[in-house]
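Protein sequence lines correspond, in order, to chains D, Z and F.
The letter at position 42 of the first sequence is residue 42 when you use our numbering, and the numbering goes up by one with no holes.
Just remember that our numbering sits 1007 ahead of the position in the second sequence, which is counted from 1.
Just remember that our numbering sits 1260 ahead of the position in the third sequence, which is counted from 1.
Quick caveat, the hints were computed from the structure, so don't treat them as lab data.
Each hint should be verified, as a subset may be incorrect.
To be verified - Below 20 Å or equal to it, Euclidean Cα-Cα: the simulated EDC-like pairs (lysine to aspartate or glutamate) are:
1. D/Lys-155 to Z/Glu-1184
2. Z/Lys-1185 to D/Glu-154
3. F/Lys-1321 to D/Glu-991
4. D/Lys-374 to D/Glu-636
5. Z/Lys-1225 to D/Glu-326
These figures come from a predicted structure and were not determined experimentally.
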Amino acid sequence: MADGKVGAVLVVGGGVAGIQASLDLADSGFKVYLLDEAPSIGGVMAQLDKTFPTNDCSMCILAPKLVAAGRHSNITLITNAEVMAVDGEPGNFEVKILKRSRYINEEKCNGCGLCAQKCPVEAIDTYNKGLTDRSAIYVEFPQAVPLRFKIDREKCIGCRTCQEVCKANAVEYDQKDTEVVLNVGSIILAPGFEPFDARLKSEYGYGRYQNVVTSMEFERILNASGPYGGVVLRPSDGEIPRKIAFVQCVGSRDAQVGNIYCSAACCMYGIKEAIIAKEHVPTKLDCTMFYMDIRAYGKEFDAYYKRAQEEYSIRFVRSRVARITEDPSTGNLLVHYVGEDETPRVEEFDMVVLSTGMKPPKNFEKLAKVFGIKINKYGFCETDPFTPLETSKPGIYVCGAFNSPKDIPESVAQASGAAAKAMAVIASGRGKLVAAKEYPPEIDVTSEEPRIGVFICHCGINIGGFVNVPEVVEYAKSLPNVVYAEGNLYTCSDDTQKRIREKIQEFRLNRVVVASCTPRTHEPLFRETLREAGLNPYLFEMANIRDQCSWVHMHQPKEATEKAKDLVRSVVAKARLLTPLKNPTVNVTPVALIIGGGVSGMTAALELAAQGFEVHLVEKEKELGGHLRKIYYTLEGIDPQKFLNNLVKSVMENDRIHVYLGAEVTEVSGFVGNFKSKILHEGKEKLVEHGVVIVAVGATEYQPKEYLYGQDPRVLTQHELEEKLAKGEFNAKRIVMIQCVGARNEERPNCSRICCGQAVKNALKIKDVNPEAEVYVLYKDIRTYGFMEEYYREASEKGVLFINYTDACKPKVSNENGVLKVSFWEPVLKQEVEIEPDLVILSAATIPNPDNKHVAEMLKVPLTKEGFFLEAHMKLRPVDFQTDGVFLCGMAHSPKFIDECIAQACAAAARAATILSKKYLEMEGIVANVDEDLCSGCRICESLCPYGAIEMTEKAGKVVAHVIEALCKGCGVCGTACPTKAIVLGHFTTEEILAQVRAVLKEMIAE
Amino acid sequence: MEMEAEPPKIVCFMCNWVFCGEELQVPYNFNVFRVPCIGRMDPVLILETFANGADGVMLVGCKPADCHFVDGNLHAERAVKMLKKLLNLAGLGHGRLKIILFSPLEDGNFDKYAKEFSEEIWVLGSSPLKNAELAPKITANLAAAKNAASAFRLRVLLGREEELTELENAYGERISEKDYDALLDDIVNAEFVRYKIHYLTRDKPLSVRQLAEMLGLKPSIVLRHITNMRRKGMISMYRVEGNTPLYKALEVH
Amino acid sequence: MSAHEKREFEPKIVGFLCNWCSYAGADLAGVSRIQYPPNIRVIRVMCSGRIDPVFILEAFKNGADGVLVSGCHLPSDCHYLSGNFKALRRVTLLRRVIKEFGIEPERLRLEWISASEGDKFAAVVRDMVEQIKKLGPSPLKMKEGEE
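Construct all of the structure, not just a fragment, from the sequences and the given hints.
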């Protein structure tokens, strides 16, 4: 630490954003302290049932991240804690943390849960939103990380039952709150949001009427592990509802309750909840959604909205619900609303779900004070559009919903982006606080007979109380090749790890079997123990005799014991065949290739350069800047050109960035860490080697064919209008803007996201220039999400008229004898209206670059149906591709605003840094292998591999399959399909699995 | 008159040490069982006595400081407090159970106390179990009460009451008798209702509304108990009829 | 042991579960203490797309009365993108094949069970055990017994 930069980061908030930021930092060689006020990490996402727009199970996709964060050697979790004070400066902060007592020793508790089973006191289960109860000693949810219990001191009566049943002696009633002082170089704030308290919207009856629930409650109701087992029930009487109303904008876009902004995610989660409800209700269910505008502005969101209407027959009613009353005799609810035709209506529903908005975290004032950051007028963290991840205090960054209300993918992108920012300030501290672990040299066991040691866990009484463990131990000893077996109180405890190492030495064990809980959580721990004892970690196998045996057959101890024996026998049979596997390594060229020199590409380049990596930046135009060159002012009224000029200057002056203008990437070969590409520049082809690729090719504006565009000079696009306004060439008095031109139609079903904001921006500018001007905006839905809502309000207040149109009744533009006319249906007046504007402004769609297809083919990455680049996972991997080492940002991903492009560009840089920061990459050892003698070169495996990890090569005059180990993820699909059995997945070979099958069904015949 | 038709059947559990070897005079409708200490009386056994048709049950123990086993008598008093709650819930009323801590030296003739209790029961009338109309319900209630009384939760609370209200809990605090009583009330109530639901759904799957009617509770409260029972593996959703899920008890071990 | 003691037939079921969804679902059944009959023996594979028809046939050959194959929900839950579709194709075909061998196709079951469906895993096992009890022991096993 020559320059005093501390190579550690504090991440405040353990939701999905905090976890992502932590993983990116830890994977790039920094020490991370991940702090959460809750007893476990996971945040709101851990409470969700499914996620839009893919309907993935939320816990299924989150749990691997929880486990990864919990197990990462560079991440220390500090849960149940709060930051009390921060001192110092970027590169060196001192943070005082108050760690509240759990009354449980975190080192000793192994999460077995016996205490909770025996605890006599019940408390309201807040994880399940109060719809059921839990015991006073608890974990929030079964997959919690860390899986350490906590005593709810409010409810606990101190009866000592838990202490008596805890075999690990983890209960400590006298545990005190402790103060921890940390030294970190930078800080990321990701404290998330607080759901709006629906009681404040008293006319909706929440808290009075039992069948009015909030969206978060409904998530738990939908969830298979929720209070109702995943069947939607009415809280008042347990009946399955026939008709559910979803009421949008509860606590959003509502000056009456003090939140005028839009909460940005509710339309989509509302649609998702309606869809999932229909899937979860076995009987006929009608879902109706009351909304003001459906804000399906994200990638593929409109397609999802369309499916909700067409496939799921969800009814959408454009209206603000006035109030809700209850029929006390049935518990049914009467929804009072004014229809689009201005007629008051009342409709009866069995249940109402309130889509509650997002508020800043409860303690935002304290956060502001402790961290010394500025808060905006809504209580969220204040940021600048061009530095969206930076708080007002240098060295402290922000991501996720505390930045502004947002959905999961944007939180994740911001999180990676904030990680890039946090890394850059302390780049010189990289690797300083994380120590690589030393292992003894590996013992060669390949020529030895298997000598298996079996360790069987009692798990306190979790296994031992139901399965006769001594009997299983004796049985294990009788199995072929087993030379040692023993039972342990807790096989996972530290002292047992030591014991396993000793027994490996003493009995010269060369295979180890543990029969205990699930390999999903504990396999890495035992593999580590093997490595520490000089054994290859893949010479290990686990039998799950707790989660899948003792816990599910608690009343059949005899059968459970027999089953445990079968499982141990099966696993021992596999263990006999296990072979050591190597974790393949590949070297990394610490250089990035970035395709596209717009704001995204330049930002990514600068971020990587700031971290010390070399960058090749390729731009096809003669000038850097891309789309941003056409933007003259932002909605907030800031001039982006100044920002752009500074950005270009920084890029051009940076020694680590090589800029190629008017250039093109013509060929990319290789794989993660080791790409070789050709750049065509000034007529010459240049070969560059690099470790990663970032795609930042941007997007382009649709050239309208509709509404006389190109035929009448008075019909312009928003960009053309903006230019006129900026250059003072604007002098029209009556303007009609038409939204969604070329978007949200048959050809391009999705929304272009930025045009509503753009229309409002230009309308306000017009009103600025000429307050008397008449501005009409013809729209389908106004999608000024988040804090942009304020400007929509302002425009309305200044007299801009927003008039809704539908696909069935689109506006018409005509030129009658030189007079420009627009006619449209006015839904309030219920009649056709015709006006004669001076200008018609078209909000033209943002469409994919025409050369995306070429770039995609070159990089072997996929595109969406519309032609934007398709990321690895819409929710949790927004800037990654399925192909390792290739990343994505900006409008190449989908249309977005400047701040969003910058956040994504930083994110892509952080993701890239997780690779570039390593000298070599160590891959998972469980990969496919090809026996070239057997391979017939049929290419079946090549076509099946979802990761492009198999390529055909010529070996000794024969075409054979070759596995690129760096790309293989170990699913084994190839091996299963191989007609000649030439391709084999390590650790799950056909012989190994067959041995398991035979053994589990029959007593093994001793050889 | 009906009242004269049959005298109440009273079962009296009496500590062996109260009348050491002395001859005891009790009314003829008193069935006295000598026990080593009334503190050793399992609450389930007392409920069982009611289930077998007793109109009243009396426990007779030693004076507070006289217990041969230190504090068995006090423990019995706490058990009676809980049992009275359960008897109320079961529809028998708390008056049918009485505990007295007695000393022949201080309190004189036991006969007086026995007659007094006998008269109290006389006034309450015979056990509702003998009423053909009420019998099935009361049988169900007593079965639920027995299961509740043998549930781990209640046994822990009962066992720890003295420690927690008179000495100190794990945090060095003392819980007031009032708070403890309120807690016990809640838990007795919850366990009774849950075991009643369990009993009712053993043979026949029932809906939340049907259960609510049978229990005289709000459906929302029944649903909440069911969510907790599902969590504890006591009940499962058996099938759905129309839009109504039916629940069936799972075997509890 | 009494010679005439009639024991109820207890089917042996082998379950092949993918690591990411179904195996996690089976774990959740455990964590939630959902009880189900002890007739299933689980073999973990990384992806349902790894389940080779040979494994299933070997299980039947060695006396399994039923085989459960379970993976992540269609279409998009698969950790490896599309392994579940491959499992769907293989099991569908294999059902026809085992019919040729005289094994009732109901003995081979394919289910999609997610990591949060502990309840479903238990229900599937319960249902399978019940169904196979009705079918009786595997015809393959009967033949072997006759030898």
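- D/Lys-155 paired with Z/Glu-1184 [C-alpha distance capped at 20 Å]: holds (16 Å)
- Item | Distance restraint between Z/Lys-1185 and D/Glu-154, which requires alpha-carbon spacing of 20 Å or less | It holds: about 17 Å lies between the C-alpha atoms, which stays within 20 Å.
- Measure nothing beyond the straight line between the CA atoms of F/Lys-1321 and D/Glu-991; if it is 20 Å or shorter, mark the hint as holding. Holds: F/Lys-1321 and D/Glu-991 sit about 16 Å apart, inside 20 Å.
- Under the criterion that the straight-line Cα-Cα distance not exceed 20 Å, is the pair D/Lys-374, D/Glu-636 satisfied? holds (18 Å)
- Item | Given hint D/Glu-326 paired with Z/Lys-1225 - CA-CA distance at most 20 Å | holds (16 Å)
In terms of the numbered hints stated before, the structure departs from none.
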